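Student: Please take these sequences and the hints and turn them into a complete structure.
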Amino acid sequence: MNPLARIGKFFLGFLAHTGRLAVFIAQSFLAIIQPPYYLRLIGQQMIRIGYFSLPVVALTSFFTGGVLALQIYYGGNQFNSEAIVSSIVALGITRELGPVLGGLMVAGRVSAAIAAEIGTMRVTEQIDALTTLSTEPFKYLVAPRVIAAVLSMPLLALVADIIGIMGGFIVGTKSLGFNPAIYMQLTIDFITPDDITSGLIKAAVFGFIIAIMGCYNGYHSAGGAQGVGRATTNAVVSASILILSANYLMTSLLFSS
Amino acid sequence: MTDMIKLSNVHKSFGPKHVLKGVDLSVEKGSSLVVIGGSGSGKSVMMKSILGLLTPEKGEIEINGFPTVGLKGGKRDLVNRQFGMLFQNGALFDSLPVWQNVSFAAMQGNNMPADEAYELAKESLALVGLGENILNLYPASLSGGMHKRVGLARAIATRPPIIFFDEPTTGLDPIMTDVINHLIRDCVNELGATTMTITHDMSSVRTIGDKAALLYQGKIIWTGNVDSLDQSDDSFLVQFVNGLADGPIEISGA
Chain A
1 MNPLARIGKF
11 FLGFLAHTGR
21 LAVFIAQSFL
31 AIIQPPYYLR
41 LIGQQMIRIG
51 YFSLPVVALT
61 SFFTGGVLAL
71 QIYYGGNQFN
81 SEAIVSSIVA
91 LGITRELGPV
101 LGGLMVAGRV
111 SAAIAAEIGT
121 MRVTEQIDAL
131 TTLSTEPFKY
141 LVAPRVIAAV
151 LSMPLLALVA
161 DIIGIMGGFI
171 VGTKSLGFNP
181 AIYMQLTIDF
191 ITPDDITSGL
201 IKAAVFGFII
211 AIMGCYNGYH
221 SAGGAQGVGR
231 ATTNAVVSAS
241 ILILSANYLM
251 TSLLFSS
Chain B
1 MTDMIKLSNV
11 HKSFGPKHVL
21 KGVDLSVEKG
31 SSLVVIGGSG
41 SGKSVMMKSI
51 LGLLTPEKGE
61 IEINGFPTVG
71 LKGGKRDLVN
81 RQFGMLFQNG
91 ALFDSLPVWQ
101 NVSFAAMQGN
111 NMPADEAYEL
121 AKESLALVGL
131 GENILNLYPA
141 SLSGGMHKRV
151 GLARAIATRP
161 PIIFFDEPTT
171 GLDPIMTDVI
181 NHLIRDCVNE
191 LGATTMTITH
201 DMSSVRTIGD
211 KAALLYQGKI
221 IWTGNVDSLD
231 QSDDSFLVQF
241 VNGLADGPIE
251 ISGA
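Sequences listed follow chains A and B, in order. The first sequence maps to residues 1 to 257 in the numbering used here. The second sequence maps to residues 1 to 254 in the numbering used here.
Since the hints were derived computationally from the structure, they do not count as laboratory data. Since the model is a prediction, treat every value here as computed from it, not as a measurement. A portion of the hints provided could be inaccurate.
Selected chain A positions facing chain B (in silico; Cβ < 7 angstroms) [claimed, not checked]:
| id | residue |
| --- | --- |
| 1 | T131 |
| 2 | T132 |
| 3 | L133 |
If you anchor each label on the Cβ, the simulated ranges turn out as follows [as the list claims (entries may be wrong)]:
| id | chain 1 | residue 1 | chain 2 | residue 2 | range |
| --- | --- | --- | --- | --- | --- |
| 4 | B | T55 | A | P36 | 21 to 27 angstroms |
| 5 | B | K21 | A | I32 | 38 to 44 angstroms |
| 6 | A | V67 | B | S39 | 56 to 62 angstroms |
| 7 | A | P36 | B | K219 | 16 to 22 angstroms |
| 8 | A | P180 | B | L135 | 56 to 62 angstroms |
| 9 | B | H11 | A | Q34 | 30 to 36 angstroms |
| 10 | B | E119 | A | Q34 | 30 to 36 angstroms |
| 11 | A | D189 | B | Y138 | 53 to 59 angstroms |
Yeah, the Cβ is synthetic: ideal placement off N, Cα and C, and Gly gets one too.
Tutor: Given below as structure tokens:
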């Protein structure tokens, strides 16, 4: 095949994929707003997505906060640096690193799990069985996961904010010799409600991306075990890329003023 | 007698591959039709089109006189509530215990309370010869034969007027095949349901079916009573029924 034809084929494939994803998102929205609502399934998914992701998110944010404190201290002025370290750790964690790193970690854990579960259901005809049992797969499978992820991610981001700041605080006070009371006071003085809410809004959007990419790739998987494996990889990769690009877009919008 | 299922000139393609090329078929109320045909002849596509899992490009499918092609949402659900379906590999929900699998349609579709659903599952499992000891097991811990039986219990749990069986004995040993065939026949007789079965297995055809249809290259090329299968001089049917390599049927991939 000549190079131009390859480019054309890739471009057409990309457009078809984008269109299919847009239709999938529209169908998911309809499934979310229309009854019946599977509250028990939403609760189950919140535990799977939110509660079981707590350890990985907490560890990630703790070490990120600690590393951030060290880097700012060693990279900047080491004298009278309490104000700079505490404020940059607080800002960096609440605005960016808490939601983004939390989102990426949850994307790796949850998006893959959703794609594998729904993909296996697809190739073993369980999704067809749902339809024949008069249960709409979008309502039963997709809507509870999307709702649960959108609700869970801001809570995870809040936990990541607190633990990340605590990571910076522990490194700052135990390793760099900062005064604990001054460090904490400077953090509280510097941080604003907007810093926290912007991170929580981002986290909710990342939750949507994580669940949708897991569901979409799983729902459209084909070709047995290999297809499910491909769906899982695609879910994690596409969710991660979309989280990073959405983060850039939202930072531009939220902080442009 | 009225037709419970009727297909008229049904066409279905996947890209350039034309799978169903004008299927005409009808199943009378209360009768049991078995559709036979080689791999890739379009049997599963035809059944999925009737179930609404695939949408034909052309033609009409009527259930109890009601056109169903293109139905979506609530209207499709109403049609599907008349169906029970046993999938080839059972298609049991891995995340649910056996009793919830069996009474899934009653719980989700009819909002049946859990205690009633549990009793319904118990009754349905008894009909297929399974005891209460498996009610709380998960599908992963069931054998192949039990998988099929639980799938059958799920298909008949809501006592649907139409039941579909997709290769119900594939992957089973000869004894379990006979057990499943007789279970299907007995359950269907007890419920008085209309059934459509697709299979390669001639013992299933003879045990389950009243009528048989041969699907070849996307078209029904023979229909008749199961009793007349061995008397027919149709060369396609003779080759398929007797499992002969030589004959007019082109073997896909050969």
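Student: Evaluate each hint against the coordinates.
Tutor: Against the structure, the hints come out as follows:
no., hint, verdict
1, T131, "6 angstroms, holds"
2, T132, "4 angstroms, holds"
3, L133, "4 angstroms, holds"
4, B:T55 / A:P36: 21 to 27 angstroms, "24 angstroms, holds"
5, B:K21 / A:I32: 38 to 44 angstroms, "40 angstroms, holds"
6, A:V67 / B:S39: 56 to 62 angstroms, "58 angstroms, holds"
7, A:P36 / B:K219: 16 to 22 angstroms, "41 angstroms, violated"
8, A:P180 / B:L135: 56 to 62 angstroms, "58 angstroms, holds"
9, B:H11 / A:Q34: 30 to 36 angstroms, "32 angstroms, holds"
10, B:E119 / A:Q34: 30 to 36 angstroms, "31 angstroms, holds"
11, A:D189 / B:Y138: 53 to 59 angstroms, "55 angstroms, holds"
Comparing the model with each numbered hint stated earlier shows that hint 7 is the single one that does not hold.
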